[in-house]
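Just so you know, the protein sequences line up as chains S, C, D and X, in that order. Its first residue numbered 1, the first sequence is counted upward by one per residue in the working numbering. Its first residue numbered 1, the second sequence is counted upward by one per residue in the working numbering. Its first residue numbered 1, the third sequence is counted upward by one per residue in the working numbering. Its first residue numbered 1, the fourth sequence is counted upward by one per residue in the working numbering.
Simulated from the structure, these hints should not be mistaken for laboratory data. Fair warning: there could be bad hints in the mix.
Copies of the same chain look alike in the list, so a pair counts if it works inside one copy or between any two.
[As the list claims (entries may be wrong)] List time: in silico DSS-like cross-link candidates among lysine-lysine, alpha-carbon distance up to 25 Å:
(1) Lys131 <-> Lys41
(2) Lys232 <-> Lys32
(3) Lys30 <-> Lys232
(4) Lys73 <-> Lys32
(5) Lys73 <-> Lys131
(6) Lys282 <-> Lys50
(7) Lys30 <-> Lys50
(8) Lys107 <-> Lys131
(9) Lys30 <-> Lys41
There are 4 protein chains.
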Amino acid sequence: TIRHLFKQIFKASLDLQKIDQQKELLVSRKIKRTDTVIEIKGLTIGGEEKVIIAGPCAVETYEQTRAAAEKLKSLGVRLLRGGAYKPRTSPYDFQGLGEEGLQILRKVADELDMIVVSEIVSPNEMEMAHKYIDMIQIGARNMQNFELLKVAGEANIPIILKRGLAATLEEFLFAAEYVVSHGNSQVILCERGIRTYERATRNTLDISAVPILKNESHLPVLVDVSHSTGRKDIVVPTSKAALAAGADGIMVEHHPNPPVALCDAAQQLNPEEIENLCNQLKPFLR
Amino acid sequence: TIRHLFKQIFKASLDLQKIDQQKELLVSRKIKRTDTVIEIKGLTIGGEEKVIIAGPCAVETYEQTRAAAEKLKSLGVRLLRGGAYKPRTSPYDFQGLGEEGLQILRKVADELDMIVVSEIVSPNEMEMAHKYIDMIQIGARNMQNFELLKVAGEANIPIILKRGLAATLEEFLFAAEYVVSHGNSQVILCERGIRTYERATRNTLDISAVPILKNESHLPVLVDVSHSTGRKDIVVPTSKAALAAGADGIMVEHHPNPPVALCDAAQQLNPEEIENLCNQLKPFLR
Amino acid sequence: TIRHLFKQIFKASLDLQKIDQQKELLVSRKIKRTDTVIEIKGLTIGGEEKVIIAGPCAVETYEQTRAAAEKLKSLGVRLLRGGAYKPRTSPYDFQGLGEEGLQILRKVADELDMIVVSEIVSPNEMEMAHKYIDMIQIGARNMQNFELLKVAGEANIPIILKRGLAATLEEFLFAAEYVVSHGNSQVILCERGIRTYERATRNTLDISAVPILKNESHLPVLVDVSHSTGRKDIVVPTSKAALAAGADGIMVEHHPNPPVALCDAAQQLNPEEIENLCNQLKPFLR
Amino acid sequence: TIRHLFKQIFKASLDLQKIDQQKELLVSRKIKRTDTVIEIKGLTIGGEEKVIIAGPCAVETYEQTRAAAEKLKSLGVRLLRGGAYKPRTSPYDFQGLGEEGLQILRKVADELDMIVVSEIVSPNEMEMAHKYIDMIQIGARNMQNFELLKVAGEANIPIILKRGLAATLEEFLFAAEYVVSHGNSQVILCERGIRTYERATRNTLDISAVPILKNESHLPVLVDVSHSTGRKDIVVPTSKAALAAGADGIMVEHHPNPPVALCDAAQQLNPEEIENLCNQLKPFLR
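In isolation and in its complexed conformation, chain S is listed as follows:
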């Protein structure tokens, strides 16, 4: 029948379109050979220098955030991360301060000339987020929240996209493609460990992801050295490994007083530990 024929033609054209696009994924280095370098307030990500993004798992108070930020600033770290919207496994866990948390982050960052990195978890928060955040993080659990990716693609703000906890690298690049194909080319990929059978670490840091992503894509690549292993005792060697493997920077959790932290108490570095980390990484930051 004609209808059937048309359907097959429609399907064939979808297939063709898919093949065409695969050949030309916008995030692919085949399309754009030069590294994408993201500039933000005088700092670059993906260029010559490597960066450290640090801060508390969750914004709790102005004092806590300010203390963390001061310490980081003194160590030369300008990228301040902090969670205001926390996607938590249990509905009964602390879910973050929301917009109030973002206000605190913004205030502290303005006082100290720092750059705010924070996560949003819903398309509806995107507009509000622009008031407070300089770089928006999309977390592992939302890597395939395609509605959020589309909205991120329509925004004019750098996006840090974290790899899903069981995402293949192919799926990760397709997720980035959702953002870029909707108009926003300022995407930074962040490896944060994958889920495997091994229980010695919270997740398994897939170090090979770094050079593979750098080869296949022109986008900057970071490694979250806190979530990928969940172990403070190995954060120095894994951070060195990440940078030696070619990462453009690392992301790490720092809290002025981890034992009283409202989340991830065991994995946040205290002031002494973050200072030690920054010192040890100097030869690897170029």
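Go by the hints and put chains C, D and X onto chain S.
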């Protein structure tokens, strides 16, 4: 300092609250010993009888949907599933017909006295969805899209919650708890395979999940026998296994003409295959 | 050069040989369409009837073994398993009674007209094993102990080959091919759970493996329902699932008094539990 | 009864013994705080300097081995690896030259003052191996071949123990404990990638294993950068990462002419590539 002390008290109270709640997870069988039975248009899920939910991966046209539905109706299947909002790995893959797809589903279901099961992918679609859908599916990729879960929890409609592709059973139950704790107790859990190293199947059907979920929770449990393995050739034995293990029903993809299907062409059953499946499952449906 | 040329010819011939053999794997159903049925002392595996293999994780004493065997015999179970050589993760764990354990098994089996199934772990034990064992088990850890497989291939005794804990089905069939290609066609495949991220069960029972192995190979397929999940509380539903999926039988651990067992105390069924299991499985054993 | 009582006492004493031993695992850094340094023919592993072990996947001919060895020698690599006994998934794949391969390795090593590293796969080969091999490798598939481990423990030769392809770090250390507790303290641990869902690499290099093993054990730790990813294109960054993470050296495959190699053709480095790798690693070898 006083501030510090208060913070510790705040943290302790959060911990306490968490412990309290863990003891009393609303989805737990410890709270409610009797099975939750969901009634919908004269049909029950989680009760004596076991159900089959079937239909095309994606709604493509009225004719395709009607053909699938007629076949299913003739086999005694009243629960009609079909995808209108398709979360796809690539932004260039067919993303579904959207609201138009839901209109087709509703029309066909009304004509044949069937029940519409379909997925939504964003909190913003929830209100619109009520017009067309009888049971809302939250897909594997959105199992920890907590904003969507919260909105589902505020709705008055049965929710089929699929296990995330690398979610533990504990995380799965916590995701269900998001819905139930926000007010909607009509939740159905759906095992759909987990991601492992094995490549002979698309995912690994975790059959043990069925009795464990039935033991730990009072909610009905289904198995998606299409996505869990991605192989039509073993759909009969795996469906039998699912029901023998205690599942309250199965979910399966059926298309009147799979080779021209716009998605998952290889895994949808054709009319002959779905008929064979339904016949072979009779002894297992009680 | 000539040398180089010859080497390429050698390599090409190896490749050809490989392709040839892959087309004709001896364990493949393409080579032999009819089911392989293994006969042993009046009992068949892989034929019409389905079997239960049961017994203690480890042989501890004559009394313990005799008590387990009597219970099993009374339930119609003739295949008596018991471990004498135990491959243990730690060198300080109980390693089994060795040959003394096999002597106990043989004595009890002769007294009660039962069939001895037991594991060996080294090629050097094969000859001695023939004196005591009727069916030799090769454990998951030794699935790719190719020296052991070769020796098993030269023996004239049925072999139960367990799937390695992270083996693909393809690797599993190749391991069976080692045995069969060395001359012993009496091989029984045993799914015993694979290693995944999920922690609710000791391993993840890969139920799809059953129909896939049955489709691709003519060899009988069992499921070890004890090791695959490590949970007694779900042994009934998972056993039903295994048989419903087409397994030719199950293997299960039974101990007269599990709390004092020298290994796997938590996963061995007590007399009441094994009786309940056997009763519930009756409709599934045909 | 008395018997029952004795059994419980026996069991309790086994438990006690286990607890005692766990406290005092011989491979643990709690027992021995200083690094174990293995000396062999004037070279040390686990000490100040880091090592490269390289050579062909399989020994094929004298000429091939000599060519590989000469190249390596010229780059300052003295540890020559080559496979004579190859554990292969399929019985129809090239299984290695056996003792003849070891003779070739020995001859080449003696001519060039190099050190032979090669794998054996059966306890029966141990005695013969001493004639040819300086360091014995136990492969991933044999990590829990406890009979082989025990024989290795009775030998007086350094052992390179590779992590099993789905072994936890705990199981890995217990496997090493089998060797050490049988008398041989010269054990070197080798991370070689673990099996996960990710398909971009052959295995997933678990970089965190390096610092964890170094923290928990006093034994030297290597990384096999060929098998862990199976990709030549990322061997430089992953090798840098391994050394930056604290590994005492790397193991890598080199073949004078990879396209005609009899195994792993795609993953062996050619002369140019191995030279590039060695040059790039200089800053990381201290």
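* Give me the numbers of the hints this structure contradicts, sorted from smallest to largest. => 4 and 9
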